[in-house]
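Using the hints, position chain B against chain A.
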Amino acid sequence: MANQYGGWAGKVLRVNLSTRKITLEDTVERYLDVLGGTGIGYKVLWEEVPAHVQPFDAENKLIFGVGPLAGTGVPCNGRTAVTTIFPTVSPMPLVGSGHMGGQFAARMKYAGFDAIIVEGKSDKPVWLHVHDGIAEIKDASHLWGQGIVRTESTISQEIGQESAVASIGQAGENQVPMAVVITGRSHSAGGIGGIMGSKMLKAIAVQGKMPVRIAADKQKWENLINLHRSLLGANNQHVVPSFPHPKSEYFNPGSRWVGAPGKRWGAATPAVTLTDDIYSLNRISFRTNNAAYFLGDETWKYTVRGNGCHSCPIRCHTVIKDPGIAAKYGIQELAQNTCVGLIYGRSFFPSLAKDRGTPGREASFVGMHLADDLGIWCNYGQLQRDFVRLHKEGIFKQKLGAEEYASIPWKKCDDGDPTFLFDILPRIANKQGEFGEVLGLGTGPMLKRWNLDEEKWGADKDTAYWKMGHPKHHANEDDGQCGVVINTQYNRDAQCHSHCNFVRSGLPIHEQKKLAEKNWGSADAVDAVGEYTPTNIYKMRRAKWAIIRKELHDSLSICNWMGPWIASPLKERGYAGDDTLESQLFSLATGHTLSRDELDKVGERIFTLHRALTIRGMNQVNMRKEHDQSPEWIFKDAKDKPAFSKGTIRMDKADIEKSLDLFYEVMGWDKTTGAPTAQAYKQLGLGYVADELAKGGLLPK
Amino acid sequence: MSSKDAIAPMEATMEDSPEGISRRGFIKGSACVLTGMAALKASEAFGAEKPWFIIMERASGMIVGDPSLCVACQRCELACTEFNDGKADPGLTRIKIGRNLQYGPAGALGTEKLGLWGNSLVVQDTCRQCPHPVPCSTACPHNAIIAQPGSGTRVVDAERCVGCRTCQMACPWGMMTFNEDKGKADKCFLCNGKPKCVTACPSGALRYVPWSDRTKTSPPRGAFLLQVPESKAAACASCHVAAPGGPRNPLQNPVPNPLFTPAK
Chain A
150 MANQYGGWAG
160 KVLRVNLSTR
170 KITLEDTVER
180 YLDVLGGTGI
190 GYKVLWEEVP
200 AHVQPFDAEN
210 KLIFGVGPLA
220 GTGVPCNGRT
230 AVTTIFPTVS
240 PMPLVGSGHM
250 GGQFAARMKY
260 AGFDAIIVEG
270 KSDKPVWLHV
280 HDGIAEIKDA
290 SHLWGQGIVR
300 TESTISQEIG
310 QESAVASIGQ
320 AGENQVPMAV
330 VITGRSHSAG
340 GIGGIMGSKM
350 LKAIAVQGKM
360 PVRIAADKQK
370 WENLINLHRS
380 LLGANNQHVV
390 PSFPHPKSEY
400 FNPGSRWVGA
410 PGKRWGAATP
420 AVTLTDDIYS
430 LNRISFRTNN
440 AAYFLGDETW
450 KYTVRGNGCH
460 SCPIRCHTVI
470 KDPGIAAKYG
480 IQELAQNTCV
490 GLIYGRSFFP
500 SLAKDRGTPG
510 REASFVGMHL
520 ADDLGIWCNY
530 GQLQRDFVRL
540 HKEGIFKQKL
550 GAEEYASIPW
560 KKCDDGDPTF
570 LFDILPRIAN
580 KQGEFGEVLG
590 LGTGPMLKRW
600 NLDEEKWGAD
610 KDTAYWKMGH
620 PKHHANEDDG
630 QCGVVINTQY
640 NRDAQCHSHC
650 NFVRSGLPIH
660 EQKKLAEKNW
670 GSADAVDAVG
680 EYTPTNIYKM
690 RRAKWAIIRK
700 ELHDSLSICN
710 WMGPWIASPL
720 KERGYAGDDT
730 LESQLFSLAT
740 GHTLSRDELD
750 KVGERIFTLH
760 RALTIRGMNQ
770 VNMRKEHDQS
780 PEWIFKDAKD
790 KPAFSKGTIR
800 MDKADIEKSL
810 DLFYEVMGWD
820 KTTGAPTAQA
830 YKQLGLGYVA
840 DELAKGGLLP
850 K
Chain B
225 MSSKDAIAPM
235 EATMEDSPEG
245 ISRRGFIKGS
255 ACVLTGMAAL
265 KASEAFGAEK
275 PWFIIMERAS
285 GMIVGDPSLC
295 VACQRCELAC
305 TEFNDGKADP
315 GLTRIKIGRN
325 LQYGPAGALG
335 TEKLGLWGNS
345 LVVQDTCRQC
355 PHPVPCSTAC
365 PHNAIIAQPG
375 SGTRVVDAER
385 CVGCRTCQMA
395 CPWGMMTFNE
405 DKGKADKCFL
415 CNGKPKCVTA
425 CPSGALRYVP
435 WSDRTKTSPP
445 RGAFLLQVPE
455 SKAAACASCH
465 VAAPGGPRNP
475 LQNPVPNPLF
485 TPAK
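From first to last, the protein sequence lines stand for chains A and B.
If you use my numbering, the first sequence corresponds to residues 150 to 850, in order.
If you use my numbering, the second sequence corresponds to residues 225 to 488, in order.
Chain A with its partners taken away, still in its complex shape (with noise of 0.2 Å):
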């Protein structure tokens, strides 16, 4: 079938890289049911990957894929997502995925594939070249044992650069499961470099002009990317500045949107000095500067310029120059990342963890320097948690051999000395000794080796612990039990930004309540931060729009880490966003039209498809029991505070399961076991998943 619609490339690869097989399939023949990204790559897995299968076996399968907005000049739509049987999860592998952004996306579509899957495993070195539609695979024993600054650059040497090059280093190449792929230097996906690894694939790399063709009237089009630039605040979708200023009504002190008038890009060539029109649609890139915002204010000296993905305005990586601590350490003079990337060094230093000031940046800097080049995942910040503890009790002095203890040199570690991770950052890699192997396990894997107990593990605030080898990610610390239910459904960190960008936006919580009211029918649908009061069926219906919104971003292509727009910095729209950007986006695109609800009911099905898998994976239909489960540490407080009342976040055990009840009821799920009913299922257009978990027993009585 032709490719009627626009958006989509309309093709996708599947490689075999037993076989050496290359074949192609329409991807709207094949997969419109689940628009791309995460919805292909769960057909796949469902369809294809049978329970039984480990993320290291050639049978298990990587599913690059992006969706009908990668490409296009929609804001935000730079993320790949890379979905697989995941190596970190605990007590057994289950579908997950990794999301990378950078350029990789969109060239993947302009080399005219919507998806690549790669299957079976290579007997030597290869990595991947896509381009123009279509495949080769070629040698990359030149590349093996390189890491990733080296292939990416090798690999642009010999097809140019007018491509994206996605690749493993060291500890992909040794399977270690807490490996990543990086793409653009600074753009991971967690979780993936190992299963690369296994298959013997360094890298793929992108590259074509095929063009992505938009569907609707051009006026209309651009009518449509300029409201939605309108509606953009800072990184997070943060819509009041961190600052006071004249033109603006609030302002917020946690808020990302950093760039206040009078600050510098002190390293640009020359300066760069923000203005005072903080509003302009023409410095929208100037709102953020994420290593300023983690890294301290000092780092504004050191921007170069802010820097992410294709098409996106934000620039939520930050590039920064330090040619100091390039002398003093021997490294690259700039570095870039975002969030817990550019933290990721000093985070491993009991004395510089909260550091902004130069010690912490060294430290950051020799961390980006070393974890992006040997490909070494951080899972959110687990990494460097874990290890902090593991030190702090003794655990290592217990665990690890006399020998190895004495080899690892602990005092730059006390010290804050970044040197150290020259150290122990290749250990993990490597895989050398029993330290370097345990430490890139992950936190499940890790635990049982070392027969820590995962309830205590749990139980303390500090190290973020959630379940199933992963931590928190946006749970009642930032929205009280919307956010506890969503961490509760995924089998890594959540990795949903839908419920956070709407309340810490920044915003003050009046204004946060008249858009709860308007989007999800009651204020109550909403709480202040450490404010919270008992659940109701509100907040459990904003959860569910939250984690639907997700799915639907990863295979849309629109970045959940700035995306839904329930909020906005317009005054002039009493702060609102446009709740059906998505359906409009979608619609224009690709000519086929979806209303907000339509679309919301594909995302439903995407996510469905997510818990069936996971259903299947464990062989197990009560979710509620045995997978939608909270630490203990969230039920209880510092100083012992009660739940709901003011200043803690502490949550409310009844109060949770009740929120489970809620929330398996607006998801028409069983309440008894939180699995799908068949009826569900067959409402979303997934009866032949619910054929196949009927014949396992595994759809609920």
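Since the hints were derived computationally from the structure, they do not count as laboratory data.
Chain B stretches covered by chain A per the calculated footprint, using a threshold of three residues with CB under 8 Å from any CB of chain A:
hint: 1; region: 288-300
hint: 2; region: 314-324
hint: 3; region: 328-340
In silico DSS-like pairs for lysine-lysine, Cα to Cα no more than 30 Å straight-line:
hint: 4; chain 1: A; residue 1: Lys450; chain 2: B; residue 2: Lys337
hint: 5; chain 1: B; residue 1: Lys311; chain 2: A; residue 2: Lys367
hint: 6; chain 1: A; residue 1: Lys597; chain 2: A; residue 2: Lys548
hint: 7; chain 1: B; residue 1: Lys311; chain 2: A; residue 2: Lys369
hint: 8; chain 1: B; residue 1: Lys418; chain 2: A; residue 2: Lys367
hint: 9; chain 1: A; residue 1: Lys412; chain 2: B; residue 2: Lys337
hint: 10; chain 1: A; residue 1: Lys785; chain 2: A; residue 2: Lys503
hint: 11; chain 1: A; residue 1: Lys396; chain 2: A; residue 2: Lys667
hint: 12; chain 1: A; residue 1: Lys750; chain 2: B; residue 2: Lys311
hint: 13; chain 1: A; residue 1: Lys369; chain 2: A; residue 2: Lys358
hint: 14; chain 1: A; residue 1: Lys820; chain 2: A; residue 2: Lys662
hint: 15; chain 1: A; residue 1: Lys358; chain 2: B; residue 2: Lys418
hint: 16; chain 1: B; residue 1: Lys418; chain 2: A; residue 2: Lys396
hint: 17; chain 1: A; residue 1: Lys503; chain 2: A; residue 2: Lys477
hint: 18; chain 1: B; residue 1: Lys418; chain 2: A; residue 2: Lys369
hint: 19; chain 1: A; residue 1: Lys358; chain 2: B; residue 2: Lys406
hint: 20; chain 1: B; residue 1: Lys408; chain 2: A; residue 2: Lys358
hint: 21; chain 1: A; residue 1: Lys358; chain 2: B; residue 2: Lys337
hint: 22; chain 1: A; residue 1: Lys160; chain 2: B; residue 2: Lys408
hint: 23; chain 1: B; residue 1: Lys311; chain 2: A; residue 2: Lys160
hint: 24; chain 1: B; residue 1: Lys406; chain 2: A; residue 2: Lys160
Virtual Cβ for every residue (Gly too), placed ideally from N, Cα, C.
Same frame as chain A, but now just chain B:
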């Protein structure tokens, strides 16, 4: 409009004959210009067998980029092709950033490393709206690249373009693009005076400014080949003659135009 109106200020005069201009005008100045209107009329009057007039009106505006402000998002490229052509088309885009992102204009094999893997500067490649001899226009054997009436912007006349890609080879800065769907050359036309890339830029790194000649100071991007089609060679030769007896001041000592045919 008379031919005198057609002459831009500060430029040399041309022969005061409408016929002379519109058909084979002999130009007496060194950097003479015609308005687009005259050029259009000229082209309409041309027959394939006759030598073409190749000196164009100067452009009035141009886009300049500031690499220290560019954040590499490529929203300019997307605005260019989505809002003008209804597709995101990295091959067609008339402003070019994507090709410089990683290593800069010298590329991965070059020695001067800019871009993400060099000093992080991203160079925005924009059309210089060249003065005479406008390489793309001069090279076009079909006279399909003309000065837009009023603005002087160098634009492709899609009706005349046959898609031979000669212009793409001629531009020293690689700024000619090609619309593969239409089989026609394309180039920056400054969105008829409201450049969409400039509007779209989220970091104010692009500006639409009065034209100035940047062609003499910016090095070419790579290899290029300026061919002068046979049909235009005579027009070149009409100005570029040997200098009999040393330096020549054409304003004082006009050289007879061998191609001039008196009006009937």
